[in-house]
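Engineer: So the chains spell out like this:
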Amino acid sequence: MLPATVTARRRRGDGFTRLALLLPYAWLVAFLLLPFLVVVAVSLSTKELGTPPFVPPLRLEGGVPRLAPDFGNYAYLLDDPLYAVAYLNSLKVALISTLACLALGYPMAYAIVRAPARRRPLLLTLIILPFWTSFLIRVYAWIGILAPNGLLNALLLWLGWTGEPLVLLSTEPAVVLGIVYSYLPFMILPLYATLERLDPALLEAASDLGCRPAAAFLRVTLPLSLPGVVAGSMLVFVPAVGEFVIPDLLGGTDSLMIGKVVWDEFFSNTDWPVASAVAVVLLLVLILPLLWLQRLQGDRR
Amino acid sequence: MTGGRSRFLFTMLAFGYAFLYVPIATLIVYSFNESRLVTVWSGFSTKWYGALLENEALLDAAGTSLLVGVISATAATVLGTLAAMALARRRLPGRMLFTAMLATPLVLPEVILGLALLLLVVSVQALTGWPAERGIATIAIAHATLAMAYVTVVVRSRLIGLDPAIGEAAMDLGARPATVFFRITLPMIAPGVIAGWLLAFTLSLDDLVLASFLSGPGAGTLPMAIFSSVRMGVSPQINALATVIVVLVTVVVLVAGRLVFQPGPRPRGDAP
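Protein sequence lines correspond, in order, to chains A and G.
Heads up: the first sequence begins at 138 in our numbering, then just goes up one per residue.
Heads up: the second sequence begins at 260 in our numbering, then just goes up one per residue.
Keep in mind the hints are simulated off the structure, nothing from the lab.
Built from N, CA and C at the ideal position, the CB exists for glycine as well.
Heads up, some of the hints might be wrong.
To be verified - Stretches of chain A that chain G covers, calculated by requiring three or more beta carbons in the stretch to come under 8 Å of a beta carbon on chain G:
| hint | region |
| --- | --- |
| 1 | 175-182 |
| 2 | 240-253 |
| 3 | 337-343 |
| 4 | 407-419 |
Claimed, not checked - Beta-carbon label-pair distances, calculated as ranges:
| hint | chain 1 | residue 1 | chain 2 | residue 2 | range |
| --- | --- | --- | --- | --- | --- |
| 5 | G | 322 | A | 253 | 31 to 37 Å |
| 6 | G | 276 | A | 291 | 36 to 42 Å |
| 7 | G | 288 | A | 209 | 50 to 56 Å |
| 8 | G | 318 | A | 300 | 31 to 37 Å |
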């Protein structure tokens, strides 16, 4: 029988335990939840010249709080087709990039799982290593490769496969390429994690029962690795929709993406309310896949 | 395994690694190119490294980045470790909200987080007059918020392998929770905590978007300096800088790899 104080302490915790719990909680509320509420508030405010460059929707007038939300920014988003085009284009580019990541990442993850156990740590480190080097510099590397006077064009001209330099940079395929290149590790790692946990006895059983390897893959391996496919796809798709650096450096003016729209509204047009409205709508677009990912992680626990 | 299938897998793996590493290799090779032009190889030279050392603006930005990186990584490690411990508790009030908030920075487009935090800072500024101006502190807060989510994931994977009976035994023997944490839990999860710090530090050094939103006059970070230079086109100096970064990171990852990839605490009931 333990002393009552010990059991009580274990159940409720003391000051240290409470502080340890409160600190990260309070930080997330202050610097993640609260900022989103401010974004919603600013998206309902009116643009104005000054610092800050907007009139808040809730303000004190002669000591009386007055609530005057301005829905004009959202009306503006509906009005100008540029925004709808940018949203749809971002979703399209993110979807194509996710599928390309999956097509390249799945066989790679599968091959690493099949590799001899002593080689796996090295193979995995090689997947993660580029992620640790600068993202910006890795995207920059593609400018040197894809530019009109870049390495790829030099190679194609030398091989005689093309008579004149091709336009590769500042195109939508270049953006997709940049996203696949930057996000590939995020696809491979969750896939590897689920494939590694797969019990080899299942495949042996399938083979003993006369199942061919291809059928065993389609009917055993693939369905069991679906959680990894979904997790990897979300980790690529959601950030890719709002990506700024890659479309800015590798994309052209014809393929507008929504992350760049937020950036330009904010930095070039100094229209903070419209930038906030664009961000709120983007968040609403992404909330469904986010909740899905959340549930998936909950299931795994 | 059939021969055809293993050949296919090997080809994909080789292609994948080539895809990941050839662009980085081109950066390194051309950082030693004497010519300013990318496609023209006019001879071996280390002059771009010399130019890098004399580029005061870039060195200043690197100093700012290192400072922001150390502050934010340390804050993120404390916050993320505590968050991972909180998630390991059986009873956690508001678990749904807590896990949702922790998962969000992992996938949220950075422009949204950057804009949101900037608007918060501006609002607090308007209400209280603090902070007087944006700079290292505001960037560090943003980076800590982003990185703590990653630290939580890393530390949590380490915590899951821990036997809770050890901590309970210590408490039964009269140790206070703080003592249990510092003398038992922390030493056992130390590799995860160190890996988390390194990850947070890297994320901070690498971030352009949050820093751009939250920086003020005179507090530009290295990625901001690189970005404004890269927007002008390809520059051999950036190639030289990229090479320095790649070499540094490779060394750190290989050293840290020995530390982190050592086998974790064994699950209960495993033979030693």
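Engineer: Given the hint of 50 to 56 Å, is the C-beta distance from residue 288(G) to residue 209(A) inside that range or not?
Structural biologist: 53 Å, holds
Engineer: Counting residues of the region 240-253 of chain A that have a beta-carbon nearer than 8 Å to any beta-carbon of chain G, does the count reach 3?
Structural biologist: It holds, with 8 qualifying residues against the three required.
Engineer: How does the region 407-419 of chain A fare against chain G when you require at least three residues with a CB closer than 8 Å, holds or violated?
Structural biologist: holds (count 5)
Engineer: Using the beta carbons of residue 318(G) and residue 300(A), state whether their distance is inside 31 to 37 Å or not.
Structural biologist: 45 Å, violated
Engineer: Establish whether the coverage given for the region 175-182 of chain A by chain G is satisfied; the threshold is a Cβ-Cβ distance below 8 Å, and no fewer than three residues must meet it.
Structural biologist: Answer holds; 3 residues pass the 8 Å Cβ test.
Engineer: For the hint 36 to 42 Å, verify it against the beta carbon of residue 276(G) and that of residue 291(A).
Structural biologist: The hint (36 to 42 Å, Cβ to Cβ) is violated, given that residue 276(G) and residue 291(A) are roughly 23 Å apart.
Engineer: Tell me whether the statement that chain G covers the region 337-343 of chain A is true, taking a Cβ distance below 8 Å and needing three residues at minimum.
Structural biologist: This one is violated; 0 residues, fewer than the three required, reach chain G with a Cβ under 8 Å.
Engineer: If I claimed the Cβ atoms of residue 322(G) and residue 253(A) lie 31 to 37 Å apart, would that claim hold in this structure?
Structural biologist: 45 Å Cβ-Cβ, so the 31 to 37 Å window is violated.
Hint check: violations occur at hints 3, 5, 6 and 8; the rest are consistent with the structure.
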